[in-house]
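**Student:** Can you make the complete structure from the sequences, with help from the hints?
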Amino acid sequence: MYKNLTLYFVILFFGLTAPFIFPAFKVQLSILCVLIVLALTWNIQGGEMGYNSFGNILFYGLGMYLCASVQVGMFFPLAEWTESGGEKTFVHTPAQFFQGMAVGLVVAAIVPTIVAGLIGYSILGLRGHYFAICTLGLGVAAGEISGGIEIIGAGQGFTTPPFPNVGGLEARGEFFYFLSFFVLVLSFITIRAIYSTRFKLILNAIRDNEDKAEAMGIETMKYKIIGWMVSAFFCGLAGGIMGGLVGYIDSTDVAFDGREMGVFMVLMAILGGKGTLWGPIIGATVFHIFKEGFWTFFLGWQYVALGVLIVVIVIYFPEGIMGWLREKYPERFGEVVDEADRKAQVELK
Amino acid sequence: MDFMVFQYPMITVQACLDGILLGVLFALIAYGMALQWGVMNIINIAQGDLVILGGYIAYFMYLYGIHPAWGVIVAPVIMFFVGVGIYKLVINKVVDRDLFISILATFGISILFMQLMNFAFGADVVLANSGYGTTFLFDSNVVLPNSKIFSAVVSIVFAICLVIYMKKSKLGRAIRATAQNARAAKILGVDTEKVYAATFGINAALCGVAGALISITFTIHPYMGLPYTIRSFMIVIVAGLGNLPGVALSGMGLGVFEEFADYILGTEFRIGSVFLLLVIILVYRRFKLSRKREYLK
Numbered sequence: 001m002y003k004n005l006t007l008y009f010v011i012l013f014f015g016l017t018a019p020f021i022f023p024a025f026k027v028q029l030s031i032l033c034v035l036i037v038l039a040l041t042w043n044i045q046g047g048e049m050g051y052n053s054f055g056n057i058l059f060y061g062l063g064m065y066l067c068a069s070v071q072v073g074m075f076f077p078l079a080e081w082t083e084s085g086g087e088k089t090f091v092h093t094p095a096q097f098f099q100g101m102a103v104g105l106v107v108a109a110i111v112p113t114i115v116a117g118l119i120g121y122s123i124l125g126l127r128g129h130y131f132a133i134c135t136l137g138l139g140v141a142a143g144e145i146s147g148g149i150e151i152i153g154a155g156q157g158f159t160t161p162p163f164p165n166v167g168g169l170e171a172r173g174e175f176f177y178f179l180s181f182f183v184l185v186l187s188f189i190t191i192r193a194i195y196s197t198r199f200k201l202i203l204n205a206i207r208d209n210e211d212k213a214e215a216m217g218i219e220t221m222k223y224k225i226i227g228w229m230v231s232a233f234f235c236g237l238a239g240g241i242m243g244g245l246v247g248y249i250d251s252t253d254v255a256f257d258g259r260e261m262g263v264f265m266v267l268m269a270i271l272g273g274k275g276t277l278w279g280p281i282i283g284a285t286v287f288h289i290f291k292e293g294f295w296t297f298f299l300g301w302q303y304v305a306l307g308v309l310i311v312v313i314v315i316y317f318p319e320g321i322m323g324w325l326r327e328k329y330p331e332r333f334g335e336v337v338d339e340a341d342r343k344a345q346v347e348l349k
Numbered sequence: 001m002d003f004m005v006f007q008y009p010m011i012t013v014q015a016c017l018d019g020i021l022l023g024v025l026f027a028l029i030a031y032g033m034a035l036q037w038g039v040m041n042i043i044n045i046a047q048g049d050l051v052i053l054g055g056y057i058a059y060f061m062y063l064y065g066i067h068p069a070w071g072v073i074v075a076p077v078i079m080f081f082v083g084v085g086i087y088k089l090v091i092n093k094v095v096d097r098d099l100f101i102s103i104l105a106t107f108g109i110s111i112l113f114m115q116l117m118n119f120a121f122g123a124d125v126v127l128a129n130s131g132y133g134t135t136f137l138f139d140s141n142v143v144l145p146n147s148k149i150f151s152a153v154v155s156i157v158f159a160i161c162l163v164i165y166m167k168k169s170k171l172g173r174a175i176r177a178t179a180q181n182a183r184a185a186k187i188l189g190v191d192t193e194k195v196y197a198a199t200f201g202i203n204a205a206l207c208g209v210a211g212a213l214i215s216i217t218f219t220i221h222p223y224m225g226l227p228y229t230i231r232s233f234m235i236v237i238v239a240g241l242g243n244l245p246g247v248a249l250s251g252m253g254l255g256v257f258e259e260f261a262d263y264i265l266g267t268e269f270r271i272g273s274v275f276l277l278l279v280i281i282l283v284y285r286r287f288k289l290s291r292k293r294e295y296l297k
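From first to last, the protein sequence lines are chains A and B.
Numbering follows the numbering used here, in which position 215 of the first sequence is assigned residue number 215; successive positions increment by one, without gaps.
Numbering follows the numbering used here, in which position 110 of the second sequence is assigned residue number 110; successive positions increment by one, without gaps.
None of these hints come from the bench; they were simulated from the model.
Don't take every hint at face value.
These stretches of chain B come out as covered by chain A in the derived footprint (C-beta under 8 Å, 3 or more residues) [what the hints assert, rightly or not]:
1) 51-59
2) 226-233
3) 284-290
Computed from a predicted structure; not experimentally measured.
Backbone N, C-alpha and C define an ideal beta-carbon position, used for all residues, glycine too.
**Tutor:** Right, dumping it as structure tokens:
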């Protein structure tokens, strides 16, 4: 179990020192942490369980709105806050800001988990593409409906509380970076822990043949719902952090953004290799670097590039980076390779 | 919430007529969806974007001084080749693969089309004015634009033509044979690759007709595609594959539902209610089937 301990310490050390090594990229690094969390949690459904969800964006957006609403609503009337738009007469004191953020993040994690548990029984009974389309509909419906609710800003959006003036110029970036890095570490430890138990085997059994798994006496529905709730917990947290980081919430462009974030999480997991622990992390990192480069130098063409990228990855690279590595270096993945047999196969080809 | 609908019965009549005329258009798009789903086992998320592209063809004819109604003839011809092009480039590589791969690939095409249309035609909401005037019924209490009636009639004509074509022609027979059993059809000498390309082309052409009609009757916008995809998906699962009267009926039902949602909940919740209805229908079917220990396939 501890064979990769050095690797973990190197990554942890790098993660803790990254904002001081690259001080100009603090916001990008925080977004990267959030993206990795989203890809990791999507992988529980899409990779391990075989339920390709477009709907995890629902929990992300829900967490974003909840965290910001609680942070504002604890101290000021929410309706007046959203009505006043960008120019605020209310200002959070540092203590109020951090208290509100803490309570808001707890709510943003717990409520989506409960929602996932409640709708899980109905939604997770669907299979294959019906599940995919249903969750796609769920995400878009949430965006459209929240865009019509007055108290959270409706069409004009919701400005989250600005970071209080404490600790110098760099404090905001560092605060959000360490917050998102903490959530990333927490989600990685949780997911690694549950992947090392029977739970992962059950998820894989559901992916491979759900009817047989049920016939073997596994209560598949229970495990599917638990898996979804774990996803929802971390998606909500990630959404709450992202709301504070971006500073502005819009129903269809930031929170329930199925066209960006909802597709990104699927794409990152597939690019890295779905059904592996490290795949989503590698995929998210590669994708984020590619995306930022492209978004900076070819502004305006980003969606064209995204569309082409989706098609190319899905058609030519469905196994992802980890799948490619596994095919190339099977020994590294603990697969015993008979050299003579392998050579014979190569000769046959 | 607004309960005018229940106080003034004429609004109810208006909503029903509007809904039925709109629903015929939805049914036409759903027919294309059912065709490719049944034959190729592909769910095309880019369906709505093909519709919008067809709409822009009619709109451009209108801009250059040609009456947009001719778009009904021109759009399907252009869209047929667009559809075949998409098939040759992307779809033929995902036909035999996992369904999720095809959903994701067409999702990519959808994003690509959305943005290309945004570049080419701008992000404004546009409509092609047909100048057909309006019809007044029941002492001017019910107002029907003639363009809506025109679009419903044209959709019905196209649907009937296509049904006859699928029954009588050689290609239609080949398509139906491939839908029943692609392997057997291949053994008996049907060029399934060609049949698939033709099916996707016909689907795109149908979308082109519907889009041209939508640009005359309603408005089009580069990002409005996804709701049309979801509507056609919903109509197909309610009706079932290969059930044409069912497609027509559930299309009209959806149209009426939308008009009432528009009146009662307000226009800002219209699209939201469509997507929510999809979720409700799927969950309802899931519980209905789970009683028989089956699931949606």
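**Student:** If a hint holds in the structure, say so; if it doesn't, say that too.
**Tutor:** Here is how each hint holds up against the structure:
1. 51-59: Per the Cβ count (0), the hint is violated.
2. 226-233: holds (count 3)
3. 284-290: Since 3 is at least three, the answer is holds.
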